Amino acid sequence: MVRAAGWFAVLVGMLVACNSAPTPPTGGVFDGLECGKVRNASGDIVGTTRDNDCGGGINDPHYTTFDGLYYDFMGVGEFVFARLKDTPDLQVQTRMSPVGDLSVASLNTAVAAQVGPDRVMVALLKTGKTEVRVNGTIKTLLAPLKLAGGGEVKRFPSGDVMVTWPNTSTTSNQDRLYIEIPGNYLNVYLQVYKSHYNKLEGLLGDADGLPTNDLRVAAGSALDTTQVTFDQMYQDFAGSWRITDPAKSLFTYDSGQGPSTFNDAGKPTQFITVSDLTTEQKDRGVLECASVKGQVHENWYNACVLDVGLSGDTSFVKGLSSNLKLMDVTGKVQIKK
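Under mature numbering (1 follows the signal peptide of the UniProt record, and there is no 0), the letters of the sequence shown match residues -19 to -1, 1 to 318, in that order.
No lab work stands behind these hints, which were simulated from the structure alone.
It cannot be assumed that every hint is accurate.
To be verified - In silico lysine to aspartate or glutamate, EDC-like type, Cα no more than 16 Å apart, as pairs:
(1) 66 - 189
(2) 317 - 226
(3) 175 - 67
(4) 317 - 205
(5) 248 - 82
Just so it is clear, the structure is predicted and the values come from calculations on it, not from any experiment.
Produce the complete structure using the sequences and hints provided.
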């Protein structure tokens, strides 16, 4: 009887362990997320708010700053996506890699964030899966992970990841990083709480409400967004936000690697727009992006045509579709060829 009781206890323990297994989050990474919109009790959009502004870089990267400035950015390397000027506790860096053999386009392939005292990195592997590291250690994330410093990391069944900062006890007031994986690249969005407005810098601007001053060189002046030259965009602006010092990087590297492994200041080699596509490329883009025409801002539709036409990758349509409710465009950088 004693032996039987012992086996019974073991069996009960196994059942309890199985029933208490970690529960992954349900739904999608963007469920419930809207940037800068106010809804009434019926769910209708009735206004805008600056309580929850978002900025991000999607697809073959097209950026929208916190203030709504749209611009194409095809740099290759590691850059300051956004960071607070007065504290090291909130910073996001992005790694942009070339699209195949193309010299004029790139993709977000890894993101690293300083979340209070913790570092979180999300990287897209060659297998198509994502790897999440916290303070350099790989995490499986079978369930939401509470960080030692108070933040949280969630991985959804789709592979998408959400990172939350520990800045307040009120959920709606927390800064969040959203990382979507629509294809062999990452779409990256950062939502910031209003207490950080006009205290940010990087590729996503300063969140001061003025889109015209968002292309600001680090520790310098803002570019004139009505006539940006190639050298201004990729030498002055991109060069100032490029990460070259390993000590300032938030990424975890394999042995022998560092920022120089991924940086290529020689790319892109030129500005590229829809007008530069061949007839065949443009026709392909127009055909595949027909489903979003009229549903999105003209800038985003043209971005879809450019991305699909140039690469042939139809996942860019999916990547754009998920962006519809997230970021509004209030201005566009005019390039000077």
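Checklist entry - What hints, given by number in increasing order, does this structure fail? => result 2
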